[in-house]
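Note that the protein sequences, when read in sequence, are chains A and B. Under my numbering, the first residue of the first sequence is numbered 190, with each subsequent residue one higher. Under my numbering, the first residue of the second sequence is numbered 579, with each subsequent residue one higher.
Hints are computed from structural coordinates only; laboratory data are not their basis. Don't take each hint at face value.
What the hints assert, rightly or not - Simulated crosslink set (SDA-like; lysine to any residue; CA at most 25 Å straight-line):
no., chain 1, residue 1, chain 2, residue 2
1, A, Lys433, A, Thr200
2, B, Lys844, B, Val769
3, A, Lys433, B, Lys844
4, A, Lys467, A, Leu223
5, A, Lys467, A, Glu238
6, A, Lys513, B, Gly627
7, A, Lys507, B, Ile687
8, B, Lys859, A, Ala517
9, A, Lys341, B, Arg686
10, A, Lys513, A, Thr450
11, B, Lys773, A, Arg248
12, A, Lys369, B, Lys775
13, B, Lys844, B, Gly627
As the list claims (entries may be wrong) - Between beta-carbon pairs, the in silico distance windows are:
no., chain 1, residue 1, chain 2, residue 2, range
14, B, Met861, A, Thr526, 28 to 38 Å
15, B, Glu858, A, Val511, 30 to 40 Å
16, B, Glu779, A, Thr526, 51 to 61 Å
17, A, Ser451, B, Pro704, 55 to 65 Å
18, B, Pro743, A, Trp494, 44 to 54 Å
19, B, Gly627, A, Ile192, 28 to 38 Å
20, A, Gly514, B, Glu858, 27 to 37 Å
21, B, Gly846, A, Ala536, 18 to 28 Å
22, B, Lys859, A, Glu539, 34 to 44 Å
23, B, Arg828, A, Val511, 52 to 62 Å
24, A, Thr537, B, Gly807, 56 to 66 Å
Note that the Cβ used here is the ideal one computed from N, Cα and C, for glycine as well.
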Amino acid sequence: MWINPEDLTVTQWQVLNEAGELVREAPSLGHRQLLEVYRYMVIARAYDERAMRLQRQGRIGTYAPFSGQEAAQIGSAYALERSDWMFPSYREAPALWVHGAPLEYSLLYTMGHVFGARLPEGVHAFPVQIIIAGQATHVMGSAWASTYLEDKRVSLCYLGDGATSQGDFHESLNFASVLKLPAIYFIQNNQWAISLPRSHQTGSATFAQKGLAYGIPGVQVDGNDVLAVYQVTMEAVRRAREGKGPSLIEAVTYRNGPHTTSDDPNRYRSQAEVESWKQKDPIVRLRRYLTGLQIWDDEREQALWQEAAQVIEQVVAKAEGVPKGTLAESFDYVYATPTPRLQEQWATLERGR
Amino acid sequence: MPLMNMVEAINSALRLEMERDPSMLIIGEDVGRAGGVFRVTDGLQAQFGNRRVVDTPLAESAIVGAAVGLAARGLRPVAEVQFLGFIYETMDQMASQAARMRFRTAGRIHLPMVVRSPYGGGVRTPELHSDSLEGLFVHTPGIKVVMPSSPYDAKGLLLSAIRDPDPVLYLEPMRLYRAFKEEVPDGEYTVELGKAKVVAEGDDLTLITWGAAAPVATAAAAEWRDKQGGSVEVIDLRTVAPMDEEAIVRSVAKTGRVLIVHEAVKSGGVGAEVAALVSEKCMLSLLAPILRVTGYDTPYPAFAVEEDWLPNKQRIFKAMQELLSYR
Numbered sequence: 190m191w192i193n194p195e196d197l198t199v200t201q202w203q204v205l206n207e208a209g210e211l212v213r214e215a216p217s218l219g220h221r222q223l224l225e226v227y228r229y230m231v232i233a234r235a236y237d238e239r240a241m242r243l244q245r246q247g248r249i250g251t252y253a254p255f256s257g258q259e260a261a262q263i264g265s266a267y268a269l270e271r272s273d274w275m276f277p278s279y280r281e282a283p284a285l286w287v288h289g290a291p292l293e294y295s296l297l298y299t300m301g302h303v304f305g306a307r308l309p310e311g312v313h314a315f316p317v318q319i320i321i322a323g324q325a326t327h328v329m330g331s332a333w334a335s336t337y338l339e340d341k342r343v344s345l346c347y348l349g350d351g352a353t354s355q356g357d358f359h360e361s362l363n364f365a366s367v368l369k370l371p372a373i374y375f376i377q378n379n380q381w382a383i384s385l386p387r388s389h390q391t392g393s394a395t396f397a398q399k400g401l402a403y404g405i406p407g408v409q410v411d412g413n414d415v416l417a418v419y420q421v422t423m424e425a426v427r428r429a430r431e432g433k434g435p436s437l438i439e440a441v442t443y444r445n446g447p448h449t450t451s452d453d454p455n456r457y458r459s460q461a462e463v464e465s466w467k468q469k470d471p472i473v474r475l476r477r478y479l480t481g482l483q484i485w486d487d488e489r490e491q492a493l494w495q496e497a498a499q500v501i502e503q504v505v506a507k508a509e510g511v512p513k514g515t516l517a518e519s520f521d522y523v524y525a526t527p528t529p530r531l532q533e534q535w536a537t538l539e540r541g542r
Numbered sequence: 579m580p581l582m583n584m585v586e587a588i589n590s591a592l593r594l595e596m597e598r599d600p601s602m603l604i605i606g607e608d609v610g611r612a613g614g615v616f617r618v619t620d621g622l623q624a625q626f627g628n629r630r631v632v633d634t635p636l637a638e639s640a641i642v643g644a645a646v647g648l649a650a651r652g653l654r655p656v657a658e659v660q661f662l663g664f665i666y667e668t669m670d671q672m673a674s675q676a677a678r679m680r681f682r683t684a685g686r687i688h689l690p691m692v693v694r695s696p697y698g699g700g701v702r703t704p705e706l707h708s709d710s711l712e713g714l715f716v717h718t719p720g721i722k723v724v725m726p727s728s729p730y731d732a733k734g735l736l737l738s739a740i741r742d743p744d745p746v747l748y749l750e751p752m753r754l755y756r757a758f759k760e761e762v763p764d765g766e767y768t769v770e771l772g773k774a775k776v777v778a779e780g781d782d783l784t785l786i787t788w789g790a791a792a793p794v795a796t797a798a799a800a801e802w803r804d805k806q807g808g809s810v811e812v813i814d815l816r817t818v819a820p821m822d823e824e825a826i827v828r829s830v831a832k833t834g835r836v837l838i839v840h841e842a843v844k845s846g847g848v849g850a851e852v853a854a855l856v857s858e859k860c861m862l863s864l865l866a867p868i869l870r871v872t873g874y875d876t877p878y879p880a881f882a883v884e885e886d887w888l889p890n891k892q893r894i895f896k897a898m899q900e901l902l903s904y905r
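The task is simple: from the sequences and hints, build the whole structure.
Given below as structure tokens:
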């Protein structure tokens, strides 16, 4: 008879608990890979903290911080091959970095550089999406291309909890399911879409179940547990490569900072809530695990943060060293060949009227 | 040379390009098994299979968004939006996504995609099917807008549009789909985008038109010549973005009188853009105010009264009279 949502049970998938202890078998990552993942996470955190300061100093524009979401982004991006395609939103600098775009590219974007959305050759990613859920249809189109070309590449898009309210999200899930496309919808449920809590965003108990009505399997994963995120993403990747269609992942995480540097989260959420999530910090958790494996200690920790500071210093220097660019140059990229009217306006610009 | 109507000419272009280019695919609602609601894609799925001619779920935004993803990966999607009245559903994908990809990525990603859509009045459609919305896209840098008015042009322009490296919105006037046949080569040929056609030469007045309104305007001009003896130059823009400014300026410099005839609402559209262009570039040639015969600034009306809304011969005659008698 009636299908009732309360009959559905969703269990959150976890590999590492908050103490950094395994609660089930770990994914097959060697020590070298675990340390690489940890390095990504620490440097990403250092980048985020530095970027916030750069914004306050007026050296970059509006910035959307990701601290708290490192495990969700890095664990998922680490499960992709570089030949796979990524469709990020504006909060995904760590994911893009893991996928091959140097951090200075993300910084250049926040600096408002005229070519800031251009990623380097060979990085298989779209420019960051500003329009919420617009990328959901692109991931589907790209996955469709992979099916057409039979190239076994997977396409993954990042969405926030707010994006699940958009039409493009639903249209795309439906399409991907009907056409059985190798697409992965990775939702970072960071609890807040600017000022709106998840309970105001959806009447569903979870975002993981959003795919069910479309015939798409979904999973809710502890988004601050990088091993669990990696594990479920690997499974979605495998399904996609085997031609078994799309998957949806909800990573439960938290945005430690404001929506952007223009936002004041104190207007809508309590400090107690923020503090409670700090206990679940993804970096602390992985550090505890690595320490337990006896491949990490305080000395290495200190050295890594020092390295992170140096890396970020170089990133900032590189980004700030890129010539400003000119408006006139951008005229070359409206069409393959500038139209006569654009050429005329270009000449007008050069003349100063 | 065979005679084809516009539906046959477009179908012929699609078929030839599908044969030539294995990276091309056709996607949209009812384009496969049914061959499209106007049968424009008739027989193509039978010939090329359901991998290349794909019936999609009913979701316009996702159709255009999918085309963005497909084109970014090196394919050449030709997407159909079933009626132009539905294009608002796709506005973000068209204007913020497709149109800006080359610009945002400084050329790293470009989108060789076409969105085809039937439009225009006079065929007694239900509400919200008949609007002429080219103005929205002429206001959107990064997209080209093509509006053929004859079978020959429709085929040649579509082949150019599919081969173009940038997104093209290709608008097909419903009323002209089967209105007349003309000689159209069986094989491939292209009509360059951004080039107008001088349909009739004349010295007294320049009539600038495109798409669905073009045959109405051309017929009115011919009748005027026959009855009044005046000589009207008719320019069919064929592509409204980019616009063939040179053709307009050359003609207006000769005639000094300008009448613009289009089917879209009057304000803020391509006709206004043509008028602005003429005033910028041909001010000293002008002998009379620039006039427009267009749809009125109302939403497209119910079909019982649509003939009163659309530009027609009487309205065009009156405007010509006014222009030619202006002192």
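Check your understanding: In ascending order, which of the hints set out earlier in this document are inconsistent with the structure?
Key -> Checked against the structure, the hints that fail are numbers 2, 3, 6, 11, 12, 13, 16, 17, 22, 23 and 24, while the rest are satisfied.
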